[in-house]
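**Student:** Chains as they are written, first to last, in the working numbering: chain G, 1 to 194; chain A, 1 to 194.
Among these hints, one or two may not hold up.
Claimed, not checked - Straight-line Cα separation of at most 30 Å, DSSO-like style, residue types lysine-lysine; simulated pairs:
#1 Lys21(G) with Lys81(G)
#2 Lys112(G) with Lys7(A)
#3 Lys101(A) with Lys112(G)
#4 Lys112(A) with Lys81(G)
#5 Lys21(G) with Lys50(G)
#6 Lys112(G) with Lys185(A)
#7 Lys7(G) with Lys112(A)
#8 Lys40(A) with Lys43(G)
#9 Lys43(A) with Lys81(A)
#10 Lys83(A) with Lys43(A)
#11 Lys112(G) with Lys112(A)
#12 Lys40(G) with Lys43(A)
#13 Lys40(A) with Lys2(G)
#14 Lys112(A) with Lys185(G)
#15 Lys83(G) with Lys43(G)
#16 Lys7(A) with Lys43(G)
#17 Lys2(A) with Lys40(G)
#18 Lys7(G) with Lys40(A)
Unchecked claim - Across the chosen pairs, the derived CB separations fall in these ranges:
#19 Ser98(G) with Gly90(A): 39 to 47 Å
#20 Asn95(G) with Gln141(A): 16 to 24 Å
#21 Glu117(A) with Glu103(G): 36 to 44 Å
In short, the hints are calculated from the structure, not lab data.
We put the CB at the ideal spot given by N, CA and C, even for glycine.
For reference, the chains in residue letters:
There are 2 protein chains.
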Amino acid sequence: MKLLKEKILDEGVALSDTVLKVDHFLNHQIDPVLMVEIGKAFKERFASEKITKILTLESSGIAPSVMAGLEFGVPVIFARKRKSLTLSEGLLTSNVYSYTKQETNTIAVADKFLSDEDSVLIIDDFLANGEAAHALVDIVQQAGSDIAGIGIVIEKSFQSGGGKLRNAGHRVESLARIASLEDGKIEFLSEVHA
Amino acid sequence: MKLLKEKILDEGVALSDTVLKVDHFLNHQIDPVLMVEIGKAFKERFASEKITKILTLESSGIAPSVMAGLEFGVPVIFARKRKSLTLSEGLLTSNVYSYTKQETNTIAVADKFLSDEDSVLIIDDFLANGEAAHALVDIVQQAGSDIAGIGIVIEKSFQSGGGKLRNAGHRVESLARIASLEDGKIEFLSEVHA
Chain G
1 MKLLKEKILD EGVALSDTVL KVDHFLNHQI DPVLMVEIGK AFKERFASEK
51 ITKILTLESS GIAPSVMAGL EFGVPVIFAR KRKSLTLSEG LLTSNVYSYT
101 KQETNTIAVA DKFLSDEDSV LIIDDFLANG EAAHALVDIV QQAGSDIAGI
151 GIVIEKSFQS GGGKLRNAGH RVESLARIAS LEDGKIEFLS EVHA
Chain A
1 MKLLKEKILD EGVALSDTVL KVDHFLNHQI DPVLMVEIGK AFKERFASEK
51 ITKILTLESS GIAPSVMAGL EFGVPVIFAR KRKSLTLSEG LLTSNVYSYT
101 KQETNTIAVA DKFLSDEDSV LIIDDFLANG EAAHALVDIV QQAGSDIAGI
151 GIVIEKSFQS GGGKLRNAGH RVESLARIAS LEDGKIEFLS EVHA
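Working from the sequences, and respecting the hints, build out all of it.
**Tutor:** Set out below in structure tokens:
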């Protein structure tokens, strides 16, 4: 996705070989026009799939997901992150280990929002080691819903998440795939969809 | 706002005299079409104000804010909630006491995103005791930005937040104002904008 890649090059910062900071337009300050284009790009990529719901994770997944929800004409559910859960009645839960923060969070979705008749598009802002996406997949499977695919705004292709999800048979579509952040230089994977 | 009030009556649940559950369309599952209409309604209410940025709070404020940002053609910043902050360099912070959770959270915004040239519309999903709105006001004032107004999706008018903010001279526009949740019955305040 051209506009997204330009934004990443113009305003993104490679903080280290693994950390890309995009807080100017995606995960702290949000560019609403870019979000509309991201929603359209997901619609284009998954146009052939039957999709009844979009599932994402608070907070940075919400803006791109709502724009995608508008394109597909379906509701968006955002999983909530909790440090711990004492009560889990009525909730589908899964655990996410954060390598950045070195802690495990529980993510939760009310079970009333997903059924075995749903076909779910999972959307998230970043894909690195795949921990968050894996937990979202787990929740969709617990609900007995189909997984239509996984839409990612920025994939760090040099980390293992994308490979693991694709090997597990999921259709993963990433709007920008980063090949490397070495030496503070942002390099994209060349691909057909570019 | 008629569509919002209908949604609240159809899908909202008065869990107690003070708690309104709207997780079907606003703060867990999101109705993207309703969010578009909410964005337009904020634009209509604040059409005469100069607005350069929208500030909200993760997570439920994000969807309505991004749609409003699209209408106003301005970026959206979402403040992050933290249990505690060890490092606050480069951050504007304020504290929010949650009556529901009986705990204090710090909310934080990178100071690079707000300047004394900004005129900020604060948006949030709920207004009850005004704790969150007050902390957002505090952050905008720390940045030296002007406050163009405060846009609220659902105000519980029987709680003190709206009165306090209006008495402090802020322009508060709420798209739905709840007069009472007593006996499980949702009643709106009658108003001109209805």
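**Student:** Indicate, hint by hint, whether the structure satisfies it.
**Tutor:** These are the hints, each one checked on the structure:
no.: 1; hint: Lys21(G) with Lys81(G); verdict: holds, 21 Å
no.: 2; hint: Lys112(G) with Lys7(A); verdict: holds, 18 Å
no.: 3; hint: Lys101(A) with Lys112(G); verdict: holds, 23 Å
no.: 4; hint: Lys112(A) with Lys81(G); verdict: holds, 27 Å
no.: 5; hint: Lys21(G) with Lys50(G); verdict: violated, 33 Å
no.: 6; hint: Lys112(G) with Lys185(A); verdict: holds, 23 Å
no.: 7; hint: Lys7(G) with Lys112(A); verdict: holds, 18 Å
no.: 8; hint: Lys40(A) with Lys43(G); verdict: holds, 23 Å
no.: 9; hint: Lys43(A) with Lys81(A); verdict: holds, 26 Å
no.: 10; hint: Lys83(A) with Lys43(A); verdict: violated, 33 Å
no.: 11; hint: Lys112(G) with Lys112(A); verdict: violated, 41 Å
no.: 12; hint: Lys40(G) with Lys43(A); verdict: holds, 23 Å
no.: 13; hint: Lys40(A) with Lys2(G); verdict: holds, 28 Å
no.: 14; hint: Lys112(A) with Lys185(G); verdict: holds, 23 Å
no.: 15; hint: Lys83(G) with Lys43(G); verdict: violated, 33 Å
no.: 16; hint: Lys7(A) with Lys43(G); verdict: holds, 26 Å
no.: 17; hint: Lys2(A) with Lys40(G); verdict: holds, 28 Å
no.: 18; hint: Lys7(G) with Lys40(A); verdict: holds, 26 Å
no.: 19; hint: Ser98(G) with Gly90(A): 39 to 47 Å; verdict: violated, 21 Å
no.: 20; hint: Asn95(G) with Gln141(A): 16 to 24 Å; verdict: violated, 40 Å
no.: 21; hint: Glu117(A) with Glu103(G): 36 to 44 Å; verdict: holds, 38 Å
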